[in-house]
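So the sequences go chain by chain: A and B. One rule links them: number in the numbering used here = place in the first sequence (from 1) + 96. One rule links them: number in the numbering used here = place in the second sequence (from 1) + 70.
To be clear, the hints were calculated from the coordinates, so they are not data collected in a lab. Incorrect hints may have been included.
Straight-line distance between alpha carbons at most 30 Å, and here's what the computed DSS-like set of lysine-lysine pairs gives [as the list claims (entries may be wrong)]: (1) A:Lys-258 with A:Lys-239; (2) A:Lys-132 with B:Lys-150; (3) A:Lys-283 with A:Lys-258; (4) B:Lys-151 with A:Lys-132; (5) B:Lys-111 with A:Lys-258; (6) A:Lys-163 with A:Lys-239; (7) A:Lys-132 with A:Lys-163; (8) A:Lys-204 with A:Lys-226; (9) B:Lys-239 with B:Lys-111.
Please read these numbers as outputs of a predicted model, since none were measured by experiment.
For reference, the chains in residue letters:
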Amino acid sequence: MKKLTLALAAALSLSTAQAADYVIDSKGAHASINFKIQHLGYSWLTGRFNDFKGNFSYDDSAPSAAKIMVTIDTDSIDSNHAERDKHLKSDDFLNVDDFPQAKFVSTKIVDKGNGMMDVMGDFTLHGVTKQITIEAKKIGEGKDPWGGYRAGFMGTTTIALKDYGIDYDLGPASQTVELELHVEGVKQ
Amino acid sequence: MKSRWPRLVVFLHWITAFAVIGMFASGLWMVDLTYYSDWYKTAPHWHKSVGLLLLAVTVLRLATRAFTSRPPSLGTATEKKLSHFGHTLLYTLMIALFASGYLISTADGRAIDVFNWFAVPAVGELFNNQEDRAGDAHFYIAWSVITMSVIHMLAALKHHFINKDDTMKQMLRLR
Numbered sequence: 097m098k099k100l101t102l103a104l105a106a107a108l109s110l111s112t113a114q115a116a117d118y119v120i121d122s123k124g125a126h127a128s129i130n131f132k133i134q135h136l137g138y139s140w141l142t143g144r145f146n147d148f149k150g151n152f153s154y155d156d157s158a159p160s161a162a163k164i165m166v167t168i169d170t171d172s173i174d175s176n177h178a179e180r181d182k183h184l185k186s187d188d189f190l191n192v193d194d195f196p197q198a199k200f201v202s203t204k205i206v207d208k209g210n211g212m213m214d215v216m217g218d219f220t221l222h223g224v225t226k227q228i229t230i231e232a233k234k235i236g237e238g239k240d241p242w243g244g245y246r247a248g249f250m251g252t253t254t255i256a257l258k259d260y261g262i263d264y265d266l267g268p269a270s271q272t273v274e275l276e277l278h279v280e281g282v283k284q
Numbered sequence: 071m072k073s074r075w076p077r078l079v080v081f082l083h084w085i086t087a088f089a090v091i092g093m094f095a096s097g098l099w100m101v102d103l104t105y106y107s108d109w110y111k112t113a114p115h116w117h118k119s120v121g122l123l124l125l126a127v128t129v130l131r132l133a134t135r136a137f138t139s140r141p142p143s144l145g146t147a148t149e150k151k152l153s154h155f156g157h158t159l160l161y162t163l164m165i166a167l168f169a170s171g172y173l174i175s176t177a178d179g180r181a182i183d184v185f186n187w188f189a190v191p192a193v194g195e196l197f198n199n200q201e202d203r204a205g206d207a208h209f210y211i212a213w214s215v216i217t218m219s220v221i222h223m224l225a226a227l228k229h230h231f232i233n234k235d236d237t238m239k240q241m242l243r244l245r
């Protein structure tokens, strides 16, 4: 019995690496979705979306087989200002009543080496879906002190608000928003 | 010896009447202002300042009412009941308006500046999405206040022109 088990284990470890599944650690808030946009061309206005969840599958030996999916509660936008957040959630901008979620689903990953990769996928915001590319980088992975295994990445991308039907006039310096995502996943 | 409305009550009533109309109009107008309007920042600042001052006026008015007598209520028994109910409702809706407005701007812990005189501190976020939910409440309660005010005005005019009694004259301090 023991020989059989050992043989099976050996056979499994020699087979093609399976991308491991990770759940983004929203519970422990070891992930964040941040944005920044110019204010009048005079400074950067930053904020984040507090509530989101997602998962990804990834394996070092086959990075281009990786996948990621993230769903964001748009009404969790937080720019540290109640009146501004109220305005952003209204139908002048995000219209969270009609569009309570934003979503990103990856369709293709291009491995650029050294832990860098381009993550292409469909981003849905304000009810509009567009293909975007997130420039991503693996930060690290390994065991944690509590019996788990984690992998973490960061990614940036820039979107134009008008592309998603958000056309409130914020001025010429504020046509695009930079998104910066930090995710740490717990291996399942 | 017939009692009359105290002068202070009459004064506060009319200040409130003009303020309520102005606040409703400015509230509806200011939320449609764009980034590039000169009034984008000023209108909400004045709206909040006047709102908080009106809260103080209303508290003073209720305190005065508690310690003074009023002239007799005129009209039929049913009218007196409806009048009492309607006025209580108006006071209640006003208080709800002050509370909901306050909760919008203070949801992030920030105080509200009353012109450049003083600031009213926040009690913080009491519930999720406070600025939105208090905002919705503020909007619907504002419409209720204006509707009740119109009914209130029409009722006063009815007493004056149809019943030809002293109701309006009392609030104009002519009786």
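Right, here's what the structure says about each hint:
A threshold of 30 Å between alpha carbons decides the hint, and for Lys-258 of chain A with Lys-239 of chain A the separation of about 43 Å lies outside it, so the pair is violated. The straight-line distance between the Cα atoms of Lys-132 of chain A and Lys-150 of chain B is roughly 59 Å, outside the 30 Å bound, and the hint therefore fails. Straight-line distance between C-alpha atoms of Lys-283 of chain A and Lys-258 of chain A comes to about 37 Å, which puts the hinted pair past the 30 Å bound. With a C-alpha separation of about 58 Å, the suggested pairing of Lys-151 of chain B with Lys-132 of chain A is violated against the 30 Å cut-off.
Note on Lys-111 of chain B and Lys-258 of chain A: the hinted pairing holds, with a Cα-Cα distance of about 25 Å set against a maximum of 30 Å. The hinted pair formed by Lys-163 of chain A and Lys-239 of chain A meets the criterion: a straight-line CA distance of about 21 Å does not exceed 30 Å. Taking the CA atoms of Lys-132 of chain A and Lys-163 of chain A, the gap is about 25 Å. The hint holds against a cut of 30 Å. Proximity of Lys-204 of chain A to Lys-226 of chain A is assessed by CA-CA distance (about 14 Å); at most 30 Å being required, the pair is judged to hold.
A threshold of 30 Å between alpha carbons decides the hint, and for Lys-239 of chain B with Lys-111 of chain B the separation of about 41 Å lies outside it, so the pair is violated.
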